[in-house]
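Protein chains: 2
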Amino acid sequence: MTIAKRKERQKEELKGKILQAAKELFMERGIEATSIRTIAERIEYSPTTIYLYFKDKDDVFRALHHEGFILLNQYFRPLENVSDPFERLKAVARAYINFAIENGEFYDLMFIIRSPLDSITKSEEDWVEGKRSFGFLINTMSACIEKGYFKGMDPELLAFTCWSMVHGVCSLEIRNRCSVISEMNQNDLAHKAVNIFIEMLERMHPSVK
Amino acid sequence: MTIAKRKERQKEELKGKILQAAKELFMERGIEATSIRTIAERIEYSPTTIYLYFKDKDDVFRALHHEGFILLNQYFRPLENVSDPFERLKAVARAYINFAIENGEFYDLMFIIRSPLDSITKSEEDWVEGKRSFGFLINTMSACIEKGYFKGMDPELLAFTCWSMVHGVCSLEIRNRCSVISEMNQNDLAHKAVNIFIEMLERMHPSVK
DNA sequence: ATAATTAACTTTACACCGTTAAGTAAAATA
DNA sequence: TATTTTACTTAACGGTGTAAAGTTAATTAT
Chain E
657 MTIAKRKERQ
667 KEELKGKILQ
677 AAKELFMERG
687 IEATSIRTIA
697 ERIEYSPTTI
707 YLYFKDKDDV
717 FRALHHEGFI
727 LLNQYFRPLE
737 NVSDPFERLK
747 AVARAYINFA
757 IENGEFYDLM
767 FIIRSPLDSI
777 TKSEEDWVEG
787 KRSFGFLINT
797 MSACIEKGYF
807 KGMDPELLAF
817 TCWSMVHGVC
827 SLEIRNRCSV
837 ISEMNQNDLA
847 HKAVNIFIEM
857 LERMHPSVK
Chain V
657 MTIAKRKERQ
667 KEELKGKILQ
677 AAKELFMERG
687 IEATSIRTIA
697 ERIEYSPTTI
707 YLYFKDKDDV
717 FRALHHEGFI
727 LLNQYFRPLE
737 NVSDPFERLK
747 AVARAYINFA
757 IENGEFYDLM
767 FIIRSPLDSI
777 TKSEEDWVEG
787 KRSFGFLINT
797 MSACIEKGYF
807 KGMDPELLAF
817 TCWSMVHGVC
827 SLEIRNRCSV
837 ISEMNQNDLA
847 HKAVNIFIEM
857 LERMHPSVK
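Residue numbers (our numbering), protein chains in the order written: chain E, 657 to 865; chain V, 657 to 865.
Misleading hints may appear alongside valid ones.
Intra- or inter-copy, both count: the list cannot distinguish identical chains.
[What the hints assert, rightly or not] Below 30 Å or equal to it, Euclidean Cα-Cα: the simulated DSSO-like pairs (lysine-lysine) are:
1) Lys663 <-> Lys746
2) Lys803 <-> Lys848
3) Lys663 <-> Lys679
4) Lys807 <-> Lys746
Calculated directly from the structure, the hints in this document are not laboratory data.
Could you build all of it, start to finish, from the sequences and the hints given here?
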């Protein structure tokens, strides 16, 4: 029966190789240039072989989408040690932006692109990493509220609002919509905008009023 | 020479028909399903005819992109009558969201999609409508600052921050990233989030401090 | 040991896409 | 009437995702 196990392992290995090639290509050349055929070429298999391991192209990118959220959660994990919830909230915002800047293609796939997500929200099971990410934000927000920040507000709604703002900055940056801004402000624009947003959050704290 | 004029007119007419067909298709079925070939089919010409009127596919969508900004500016125009700058700022935010909700495909094209913009920022000339849109926001913001709001802040940076937030909400909505939010909050999520943001802006006003 | 079955992969093919080059028929000009 | 120009089409190239059928080697059954 050990021979069956080896086969199993080999299948798993090839699946991994496909994913690895897809990841490399889409990080090197972007998602647009990553086709089933180019993936196949890189691993030296015929294109249709990929369909023995993945349902369709979306299925490949769904796997990368999943990896993206694991990576994002790695950005978040160290922040669990920031004990003050409001400081943690600010740190989350900054970590999120750094993730976006350092992993533009992943960010695109996870939060901007249309295709593979429709099938994800239905499949639920691998979406758990996504929920963990947003969960961390909600928990942080709830802790803030418990500590007296943003009194009387709905943590989920407030978390979404913060996410929206930070996502807005990141997606405008990634999709090149920042050219309307004068050159003087272009540098570090994302962080500058988020600093303003954080300042707004600070002013909402009762002690500042 | 009147015959030449008629010809000129007819050429202009066909160009208009192409654009109209493209617009219909992309509003009905989305940009993905709007190909040169489907546009050609709808106007009952061969696909290659389109290339006699537009440089390439991007050129077609650049024209629609332009139309989109004209439409957005129509949402903004009535707000010029709102004399109080802070009220105007709030109205701009709401108008922007309404535009996005009521013209999802246009919004996608104007603020999310990758393709046709790279060529736009270079061509400048039809980008004027886009500049008018953002200019209106900046002017409003400047008026706010002049009136004592957001003291000492950079109007451009603050305008960008506001835009980011509102864009974040709209793009998460359009690209279906709101399913993490509980059903209770799903209704009118965009406006709920923006209301929170506006509340933050209000708290930044010195008189509230 | 030989025959039948299954697994892993490839070849071929279909229907789409954007785009270019060559061809055509009618209209305008010489 | 002959020539050129205009407006358009046909055919074709190289790309895409994907399904069906074919192939070859390994495994299992007799």
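Status of each hint after checking the structure:
| no. | hint | verdict |
| --- | --- | --- |
| 1 | Lys663 <-> Lys746 | neither (48 Å within a copy, 63 Å between copies) |
| 2 | Lys803 <-> Lys848 | both (27 Å within a copy, 23 Å between copies) |
| 3 | Lys663 <-> Lys679 | within (24 Å within a copy, 53 Å between copies) |
| 4 | Lys807 <-> Lys746 | both (18 Å within a copy, 23 Å between copies) |
This entry does not satisfy hint 1, going by the numbered hints stated previously; all others are met.
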